[in-house]
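Protein chains: 2
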Amino acid sequence: MEESKQNSQPRPFILITNDDGYEAKGINCLVDMLADMADLLVVAPDGPRSAQSKAITVVTPLRVRKLEERPGLTRYSCNGTPTDCVKIALYSLVYRKPDLLLAGINHGSNSSSNVIYSGTVGAVMEGCTEQFPAIAFSLDSHAPDADFEPCRTVVRKMVDRVLREGLPKRVCLNVNFPVREHFRGVRVVRQCDGRWMERFEKHQDPAGHDYYWLTGDFVNFEPDADDTDEWAMRNGYVSVVPCQVDLTHYGSIQQLKDWNEDE
Amino acid sequence: MEESKQNSQPRPFILITNDDGYEAKGINCLVDMLADMADLLVVAPDGPRSAQSKAITVVTPLRVRKLEERPGLTRYSCNGTPTDCVKIALYSLVYRKPDLLLAGINHGSNSSSNVIYSGTVGAVMEGCTEQFPAIAFSLDSHAPDADFEPCRTVVRKMVDRVLREGLPKRVCLNVNFPVREHFRGVRVVRQCDGRWMERFEKHQDPAGHDYYWLTGDFVNFEPDADDTDEWAMRNGYVSVVPCQVDLTHYGSIQQLKDWNEDE
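Chains as they are written, first to last, in the numbering used here: chain A, 134 to 396; chain B, 134 to 396.
It should be emphasised that the hints constitute simulated quantities derived from the structure, not laboratory data.
Careful, some of the hints might be misleading.
If chains are identical, the list can't say which one is meant, so a pair holds when it fits in one copy or spans any two.
[Stated by the list, open to error] Distance condition first, Cα-Cα at most 27 Å in a straight line; then the derived DSS-like pairs of lysine-lysine: (1) Lys302 - Lys199; (2) Lys158 - Lys290; (3) Lys390 - Lys158; (4) Lys290 - Lys199; (5) Lys199 - Lys390; (6) Lys158 - Lys199; (7) Lys390 - Lys335; (8) Lys335 - Lys290.
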């Protein structure tokens with residue numbers, strides 16, 4: 134009886150993207166971690182799209198390429214941004230609405246103010262907009278051959294939980310893993326106040342024309358706070374920040390109310 | 134006495150960018166509206182960069198081109214995104230920290246969920262990150278020859294006010310103008326809950342390969358609410374939404390606290 138009931142329910146259906154491109158180790162490890170838990174549709178950029186935030190492509194057409202199709206796993210690449218990948222998957226490629234949207238596992242952390250530039254977090258914010266659960270996973274290592282294996286247990290547990298329980302309405306999760314063999318645990322925290330102190334390296338090309346590369350160092354403006362994503366990661370915890378797409382700063386509506394006027 | 138005091142204060146210094154590119158009518162109208170009020174530095178994309186959100190360019194180098202330099206106005210174009218324009222201005226082009234950052238006037242509104250994709254709003258969010266005041270201006274018309282003149286009085290008044298009073302810490306403003314000869318007034322409101330119901334048009338190129346264009350219709354999920362940016366614009370008011378870069382959904386931290394665990 135129990136078995137036939139299970140058989141009558143379709144397997145969960147998970148849409149996966151990233152911003153490092155379909156060939157990156159992180160996204161392929163994520164697929165491997167979840168292959169027995171759900172039917173997976175991967176739609177990922179055809180190359181690196183880091184720091185693309187929630188950019189969408191409006192001045193050039195999008196193209197998709199089917200890379201693989203086998204029971205439980207279909208993979209496409211797309212010439213657009215991570216958010217484009219989610220949109221084209223939802224509107225042109227899926228046979229049913231996904232139960233969950235995942236992005237990652239990103240090569241490099243997406244904590245503090247990095248979330249506003251991150252293509253990984255940008256992609257899952259599309260889950261909020263489309264009103265289904267979404268999780269961004271990032272590991273605090275940019276190494277192309279980074280070891281994602283320590284993340285496996287936590288990833289599977291979180292995915293299973295969200296598939297069963299869902300998430301608060303219009304909220305997605307931004308999950309960051311420190312580089313450790315064993316995590317000290319999981320902490321639900323807030324986005325740290327910090328930013329990159331940036332500069333541009335100026336170079337000259339062979340024709341004598343200047344060009345610029347952005348570089349810089351991250352500075353944590355609240356290093357002593359023990360309720361931030363930076364704190365959690367620096368202390369060996371997996372950090373979980375619930376994120377929203379409503380950018381309104383509600384406290385300021387009252388503060389600015391004397392801007393209201395009638396002509 | 135008063136006069137010599139005024140003379141000893143430098144004119145305000147305003148950095149201006151947009152996402153429609155330096156040739157767009159909207160940014161050039163904005164420059165015209167403010168030329169007598171401040172020294173202006175324009176650093177704008179060398180072509181359209183709509184829907185670039187807060188994307189930054191990390192895999193190709195940036196280049197800038199000086200277009201014009203005369204007393205009170207210097208203009209550059211840049212091959213990057215709106216956020217790149219702000220960063221390269223701040224770190225490589227300015228002689229002193231700007232008193233204000235402006236983006237626009239955008240051809241097309243940036244209200245409701247559009248803010249998360251908008252390059253115009255993305256650029257001014259950099260003001261929050263860099264901790265100085267910033268305002269995004271958008272007109273609810275995509276016409277290349279849209280009439281921005283009705284915005285002049287409100288733009289000047291807002292800029293003057295923010296130069297004198299500043300803005301709440303880590304808050305920038307998203308201002309939208311309806312298309313009208315006379316506005317009914319100004320309303321400080323919240324970001325409306327709405328989104329684009331999207332679809333992709335599928336076409337074939339001459340070689341027989343499929344390509345896709347994103348299109349869709351905007352749906353307001355709370356058409357009866359009278360405290361949103363959509364409501365303000367639809368009712369003839371200039372809408373002002375205070376925006377923040379902290380994406381944390383604080384209410385959910387408590388709700389998800391049983392995710393916390395120690396190994």
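Hints versus structure:
Proximity of Lys302 to Lys199 under the C-alpha cut-off of 27 Å is found in neither arrangement, the shortest distances being 32 Å within a copy and 47 Å between copies. For the identical chains of this complex, Lys158 and Lys290 are intra-copy neighbours only, at 21 Å inside a copy versus 53 Å across copies, given an alpha-carbon limit of 27 Å. Taking CA atoms no more than 27 Å apart as the test, Lys390 paired with Lys158 passes in neither setting, with 50 Å inside one copy and 31 Å between copies. Taking CA atoms no more than 27 Å apart as the test, Lys290 paired with Lys199 passes in neither setting, with 30 Å inside one copy and 54 Å between copies.
Taking the closest pair of Cα atoms, Lys199 and Lys390 never come within 27 Å of each other, the shortest separation being 53 Å inside a single copy and 40 Å across copies. Within a single copy, Lys158 and Lys199 get their C-alpha atoms as close as 19 Å, which meets the 27 Å cut-off; across copies the closest is 42 Å, which misses it. Taking the shortest alpha-carbon separations for Lys390 and Lys335, neither the intra-copy value of 44 Å nor the inter-copy value of 46 Å comes in at or below 27 Å. Proximity of Lys335 and Lys290 under a CA criterion of 27 Å is satisfied in neither setting, with 46 Å inside one chain copy and 38 Å between copies.
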